[in-house]
Amino acid sequence: MMTDFGYTTWILIIPFITFLLLSFFGMRLKGLPAGITGTSALGVVALLSWYTAITYFTGGGIADGGFQKIVAANAVWLNLSDHLHIDMGVLLDPISVMMLVVISTVSLMVHIYSLGYMKGEKGFERYYAFLSLFTFSMMGLVVATNIFQMYIFWELVGVSSYLLIGFYYDRPSAVAASKKAFIVTRFADMGFLVGILILSFTTKTFDFVTLTDINGPAIASKGGAVFMGMSLMTWSMIFIFMGGAGKSAMFPLHIWLPDAMEGPTPVSALIHAATMVVAGVYLVARMFPVYYFTAPEALHIIAWVGAISSLFAAIIALTQTDIKRVLAYSTISQIGYMIFSLGVSGYGGHDGLGFMASNWHLFNHAMFKALLFLGAGSVIHAVHSNDMKDMGGLRRYMPVTNITFLIACLTIAGVPPLSGFFSKDEILTAALHHNKLLFAIEYAVAGLTAFYMFRLYFSVFHGHDRHYHHTPHESPATMTVPLIILAFGSVFAGFLPFSRLVTSDGAPFESHIEWSVAIPSVAIGLLGIGLAWVMYRKETALPDRVASFFSHGYRWAYNKFYIDEVYIFITKKIIFRRISQPVAWFDRHIVDGTMNGIAYVTQSVSSMIKGLQSGQLQKYGYVFITGVIALAIVFIYLVK
Amino acid sequence: MNSGIPLEFYLVLATVMFFTGVYGFLTRRNLITMLMSVELILNSVNINFMAFNRYLFPGKLEGHFFSLFVIAVAAAEAAVAIAIIINIYRRFTTINVEDVNQMKY
Amino acid sequence: MEAKQIMFAIFAIVIVVFSVLTVTSRRILRAAVSLLMVLIATAGLYFLLNYQFMAAVQITLYAGGIVVLIIFSILLTSQISHKFERIETKKAIFSALAAIAGAVVVITTILNHSFSADTVAAAEIDMHVIGRSLLETGPDGYVLPFEVISVLLVAAMIGAIVIAKKGSPHKDEPAK
Amino acid sequence: MNILTWLVIIPLLTITGILLVKDARQTKIVSAIGMGIQLIVAFVIVFMYVNLRKSGNTDEMVLMSSFEWFKSLNIYYTVGVDGISVAMIALTSLVVFAGVFASWEMEDLKKEFFISLILLSTGVFGFFISLDLFTMFLFYEVAVIPMYILIGIWGSGPKEYSAMKLTLMLMGGSALLMVGLFGIYFNSAPDGGELTFNILEISKVTIPIEAQRWFFPFTFVGFGVLGALFPLHTWSPDGHSSAPTAVSMLHAGVLMKLGGYGAFRVAMFLMPEAAAEMAWIFIILTTISVVYGAFGAIVQKDLKYINAYSSVSHCGMVLFAVLMMNKTAMTGAVIQMISHGLMTALFFALIGMIYGRTHTRMINEMGGLMKVIPFLGVAYVIAGLASLGLPGLSGFVAEMNIFFGAFEHPETFYRVATIIAVSSIVITAVYILRVVAILLLGPIRDNHFVGLGDAKWYEKLSLVTLITGIVYIGMAPLGLSSLIRESLIPIIDKLL
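Residue numbers (our numbering), protein chains in the order written: chain A, 1 to 640; chain B, 1001 to 1105; chain C, 2001 to 2176; chain D, 3001 to 3496.
Pulled out of the complex, with its shape left as it was, chain A reads as follows (with noise of 0.2 Å):
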């Protein structure tokens, strides 16, 4: 007998009702107060989701010996034919279960932590409103019970990432940058709608519980019609993919993220590192049965995408000096890391270990970069600059910080036993299964991570201190606190029985470390901490010789292979010159240059008419006469 979870609908409608009372009131409620409003129903959620989550994995979503789909509410919010209906409702299952906590916990930990950074900003209020928001859509988008659903609250995340990085609006660089994110991935999210369309007119359902039987009659349709080659199904996954890999920033819709550092700092830490961009990664996982059954193609394509983005963002995030460009870019790497551990793995049993992964990864993910962007949060905080050329030292001055940034990279590094060990581990091993090339590439990735979290880490908290305005100190509590429950959460996950809990088919299995994947990968990511070392540790000249030996990579990768370049030149020159430009002048003077044509000739006859109308009473009369005339003549002797 499974457990009624009817009241996770709270989970969505709390936020939203403090999004309403902050958008409307908020105003009245001036700052702290609004603040406070916020994080305590925050709070109440996170309870809610943490409930949810123990009570599903201890027995609640437990039936013939794995966890099921467990549709706790589902109302219909539009029929759009006879057989398609929008729904909105509530899907428990674990990885929805794994995301509510995920998020709320991550949520709650932003909005604790913003109490402290935000304090004093013009339009706290505004900004918890919106943060509500997006924890409502966000909430919303892992619960869905059917695509539809999914892409709505795709939309709201989108648009509450938008109001978020446009936090500061009176910033044209972040008003440029909040544009640019919401119309890349609005871009991404047309190929999402065309794989739904095409999608629902294969299978005529939304339903993922439909969608992903494996019994179902969506996967036992083997992809329907075949057009250009691929089924139908296919076109539909690629398409579908396609908005997973705008919102999760893969290459190459990946050039929004970076600029997405523009909002406010714990922004990036909830939105852009820890939950919304791995929206992506929970879509694809969400219809990993529909993508490995039916369109193994796509999940080929996916495999491939992740990892190019994560090794194309590795490379980049070695030569960046914009603290938060190095995350960001770190933070496309390892959502590669998650899609491609999707795209390489098997259904069922042990074959579903990327699955597993890629979810584990996922989890452990949102801790630690959320740790880390917090951590340069509160680093930036102290020195008011994002550049780390302005950073230095600063171990001495904010302990916390350091202790706690040290922690969430060595994480990421993949040092055992912390968490990120684990699931790295995990990915490796079912990449090594699916294909020898990709694994080689993740695991030069892996290294690659290693290094350039440890040249932020020193070059940041070591070396030697830099000018400040005002030393820095540690920040208040109301930020530390967050961090070290971050980091606790990184230190542990890894120790969670996820194999147990969360696979591609419900039913636990046993996953256990593959030491001969283990072992290299551990040498290589500290590999890449000794190289750190050796050249952040303390400032020397090294980093430069470096950088000028490999002086043509390094430009690229500095100007992160001029993608950003590209997309300009496509919007700009193409769509704006060759296009929009082209479209309003033909508008202007071809089709209203033939209105108004018709109009003058119009004109110009009836002005030549006019000339008879001389007002000269006796050629009227002539005209009329002649006339009459010759109508008689012609009625008379012509028409008989």
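Hint data in this document are derived by calculation from the structure and do not stem from the laboratory.
Even glycine gets a Cβ: it sits at the ideal position worked out from N, Cα and C.
A portion of the hints provided could be inaccurate.
[Said to hold, decoys possible] If you only want the chain A side, here are some residues facing chain C, beta carbon under 8 Å, derived:
hint	residue
1	622
2	625
3	626
4	631
5	632
6	636
7	639
[Unchecked claim] When the alpha-carbon atoms are kept at most 25 Å apart in a straight line, the in silico PhoX-like pairs for lysine-lysine are as follows:
hint	chain 1	residue 1	chain 2	residue 2
8	D	3301	D	3159
9	A	122	A	30
10	D	3371	D	3301
11	D	3204	D	3071
12	A	69	A	204
13	A	619	C	2091
14	A	610	C	2091
15	D	3054	D	3494
16	C	2090	A	619
17	A	560	A	389
18	A	30	D	3460
19	D	3204	D	3494
20	D	3371	D	3456
21	D	3204	A	572
22	A	560	A	573
23	C	2083	A	619
24	D	3456	A	30
25	D	3111	D	3022
26	A	610	C	2090
27	A	119	A	30
28	D	3371	A	30
29	D	3111	D	3071
30	D	3301	A	573
31	A	560	A	572
32	D	3371	D	3460
33	D	3460	D	3111
34	D	3111	D	3456
35	A	119	D	3371
36	A	122	D	3371
37	A	389	A	538
38	C	2004	B	1060
Keeping the supplied structure of chain A fixed, place chains B, C and D upon it in accordance with the hints.
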């Protein structure tokens, strides 16, 4: 009794009169003479009516009365027209039709 | 040739000649007098047709009323001695052509058509009959057109007076 | 008296009231009261309709009444509503109500302005309730003609030119339409019997296909001109940019809907066979409209031009959906009409209000207005988000119905067109965000703007009315969509 004069004679005479009137209407530049041409035209029509009545429907009076009414209308028309002409003369100090062309366009 | 035919010939010649004079004379008073002659000759035609009443109306109303009206207006607006300039040749030719063409068309049509009766009893119409049918309401009565004409005449008279009244009413008002 | 007739009578009474009052203030109050009553009546009609349906009334049209007014040609004043018309009536009353408050500060000739405005709305209401083609056409003209006066007198910029262009193009459309309507009339009794203008009666017969082939294009294009069908949309940018605020609101918000509404209530419903045959031509044109309007909007600098092109794109979507001839797409078309009506009215109201403060409509002369006029700024962002189809606001519901409906079409050509149309959501996002970024965000461009006052109470009332509509449809679309869906059944049955 009228055997000596066929109906066609009247009709042809009226036609000639009519088109003389038309010619006058088209060529005269003085408004009063144009009015006189119109009177000619009306008159020719009256002749037709009377002749038709007498020759074709001798027992009836339609043509007769129609002519009578035409004469009445002609009288009214002449009165109004002359009033207008006098007014035009006051305003433009001419009754030349070609100079009175303010109504064009 | 019977007397009637001679009379008709005379009237016809008078009508044609004076019609032409009416429309061509370069002195306006002469034109008016020619018109008078045409109208009188027309009255003669009515006598020939045995419509004495109409002939009388023609003479009193047309010849007596309208022509006098015209002459008055001539006196008001023109100088008697004024001679019109010649008509533009082009205009004259084209107008004449149109008129002749029209006449030819009509006349040929008339001559091609055979009318059912060309001899009739030339009974004179009794004045009583005319008077009665003018005021009768039955199928042969003409009271409606009669009334309409009356109204028209009144309207025309009032209109003529208003139009011909000198100046605008505003100007006539004395300044307060 | 039939309650629908009140929709025509109340505006006329209001006009009479305006004629009787003395000064501008009273004029405003009378108009506001009149249109307020109109709003209430409209919603009473909606509730009456819903209750009738609940009580099991399945007539095609309800609340019908008929009155003969021209016997020899069989012309009747026949009124009646179904779910689609009541939805349109509700929309119209909302927009008119908001329009009255948006022109609260109209300066010259206030009385005449309100009279023309309300006369226009009379035509629109009459159009939506008519079931007799001739009466419908009559009201259509009543709605179009005052536009000329309103733009020509109270407009801005090259107002005479714009008024002339708009009126002439719409009149050209009416001319085509009239041919089409007469074509329908004279073929309304193919088996002999009496000719009729009554839509319901005509729908029961099949107009001969040869006649349909002739008159469908006339009717469809005739309505299409008003619905901004490419390439007959060019009156829209000029007309809208010159028109005063309330007129733009009413015109883009309601009058353009007459085109879409007429296109399916008359052209598609009465001549379905020809519609099916010729749909592909118009699908091409409307797909062009959708994408082209959006691209055209990207580079515009005048706020009203941006909105006018955006209207071309959105109204193109309406006709596009209508031509797909299935329930989902047509539901989407109707929702899109309502959604676009509210949204674009909101846009024009805001543009008018911003213009009233900054005295410019050029976006590059403005910037950072969010700081000084936050209420208007937020409203603008909401309108923008609705326009780019954000879930939770009305545009999304409409677009999803359209896309999914259109994609159900069995022919690949139509599905490809759908995917092209889908791309407009990205382009829309581009131009909306561009405007929002330049106009509202960033630093304040000009020091003159610092002291601007935020919305006054009547402006807020106007905006909130419209936003409420947008949010309601966006959040809880089920009621509206089922209202429309069930009314579409007879139409769809006829089409298939």
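Hint check results:
1. With 8 Å as the threshold, the beta carbon of residue 622 of chain A comes within range of chain C, its nearest partner Cβ sitting at about 7 Å, so the hint holds.
2. The beta carbon of residue 625 of chain A comes within 6 Å of a beta carbon in chain C, closer than 8 Å, and the hint placing it at the interface holds.
3. The restraint placing residue 626 of chain A at the interface with chain C holds, with a minimum CB-CB distance near 5 Å, inside the 8 Å limit.
4. Taken as an interface hint, residue 631 of chain A does not check out: its beta carbon lies about 10 Å from the nearest beta carbon of chain C, beyond 8 Å.
5. A hinted interface residue such as residue 632 of chain A counts as satisfied when its beta carbon comes closer than 8 Å to some beta carbon of chain C; here the least separation is about 5 Å, so the hint holds.
6. Against a cut-off of 8 Å between C-beta atoms, the interface hint on residue 636 of chain A holds, since the closest Cβ of chain C lies about 6 Å away.
7. Annotation: interface hint on residue 639 of chain A violated; nearest CB of chain C at approximately 14 Å, more than 8 Å.
8. Only pairs whose Cα atoms come within 25 Å are accepted, and residue 3301 of chain D paired with residue 3159 of chain D is accepted, the gap being roughly 19 Å.
9. This hinted pair checks out: residue 122 of chain A and residue 30 of chain A have alpha carbons roughly 10 Å apart, not beyond 25 Å.
10. Straight-line distance between C-alpha atoms of residue 3371 of chain D and residue 3301 of chain D comes to about 21 Å, which keeps the hinted pair within the 25 Å bound.
11. Restraint check: the Cα-Cα separation between residue 3204 of chain D and residue 3071 of chain D comes to about 21 Å, which is no more than 25 Å; the hinted pair holds.
12. Taking the CA atoms of residue 69 of chain A and residue 204 of chain A, the gap is about 20 Å. The hint holds against a cut of 25 Å.
13. A distance of roughly 10 Å separates the Cα atoms of residue 619 of chain A and residue 2091 of chain C; the hinted pair therefore holds under the 25 Å criterion.
14. Proposed proximity of residue 610 of chain A and residue 2091 of chain C is supported: the alpha carbons are some 22 Å apart, at most 25 Å.
15. The straight-line distance between the Cα atoms of residue 3054 of chain D and residue 3494 of chain D is roughly 24 Å, inside the 25 Å bound, and the hint therefore holds.
16. Straight-line distance between C-alpha atoms of residue 2090 of chain C and residue 619 of chain A comes to about 13 Å, which keeps the hinted pair within the 25 Å bound.
17. Annotation: proposed proximity of residue 560 of chain A to residue 389 of chain A holds, straight-line Cα distance about 19 Å (limit 25 Å).
18. This hinted pair checks out: residue 30 of chain A and residue 3460 of chain D have alpha carbons roughly 23 Å apart, not beyond 25 Å.
19. For the suggested pair residue 3204 of chain D and residue 3494 of chain D, the alpha carbons sit about 9 Å apart, so the restraint of at most 25 Å is met.
20. As the CA atoms of residue 3371 of chain D and residue 3456 of chain D are separated by approximately 16 Å, the hinted pair is consistent with the 25 Å bound.
21. A threshold of 25 Å between alpha carbons decides the hint, and for residue 3204 of chain D with residue 572 of chain A the separation of about 55 Å lies outside it, so the pair is violated.
22. The suggested pairing of residue 560 of chain A with residue 573 of chain A holds, with an alpha-carbon distance near 20 Å, which does not exceed 25 Å.
23. As the CA atoms of residue 2083 of chain C and residue 619 of chain A are separated by approximately 23 Å, the hinted pair is consistent with the 25 Å bound.
24. Between residue 3456 of chain D and residue 30 of chain A the alpha-carbon distance is near 23 Å, which keeps this suggested pair within the 25 Å criterion.
25. Annotation: proposed proximity of residue 3111 of chain D to residue 3022 of chain D holds, straight-line Cα distance about 9 Å (limit 25 Å).
26. Of the supplied pair hints, the one linking residue 610 of chain A and residue 2090 of chain C holds, its CA atoms being roughly 23 Å apart against a limit of 25 Å.
27. Of the pairs offered as hints, the one joining residue 119 of chain A and residue 30 of chain A holds, with about 12 Å between alpha carbons and a cut-off of 25 Å not exceeded.
28. Restraint check for residue 3371 of chain D and residue 30 of chain A: satisfied, since their Cα atoms lie roughly 17 Å apart, inside the 25 Å limit.
29. At roughly 37 Å between alpha-carbon atoms, residue 3111 of chain D and residue 3071 of chain D are farther apart than 25 Å, so this suggested pair is violated.
30. With a CA separation close to 18 Å, the supplied pair residue 3301 of chain D and residue 573 of chain A stays within the 25 Å bound.
31. Annotation: proposed proximity of residue 560 of chain A to residue 572 of chain A holds, straight-line Cα distance about 19 Å (limit 25 Å).
32. Restraint check for residue 3371 of chain D and residue 3460 of chain D: the C-alpha separation of about 17 Å stays at or below 25 Å, so the hint holds.
33. Distance restraint check for residue 3460 of chain D and residue 3111 of chain D: the Cα-Cα separation of roughly 23 Å lies within the 25 Å cut-off, and the hinted pair is therefore satisfied.
34. Proximity of residue 3111 of chain D to residue 3456 of chain D is assessed by CA-CA distance (about 22 Å); at most 25 Å being required, the pair is judged to hold.
35. Taking the CA atoms of residue 119 of chain A and residue 3371 of chain D, the gap is about 20 Å. The hint holds against a cut of 25 Å.
36. With a CA separation close to 11 Å, the supplied pair residue 122 of chain A and residue 3371 of chain D stays within the 25 Å bound.
37. A distance of roughly 14 Å separates the Cα atoms of residue 389 of chain A and residue 538 of chain A; the hinted pair therefore holds under the 25 Å criterion.
38. For a cut-off of 25 Å, the pair hint linking residue 2004 of chain C to residue 1060 of chain B stands: about 23 Å separates their Cα positions.
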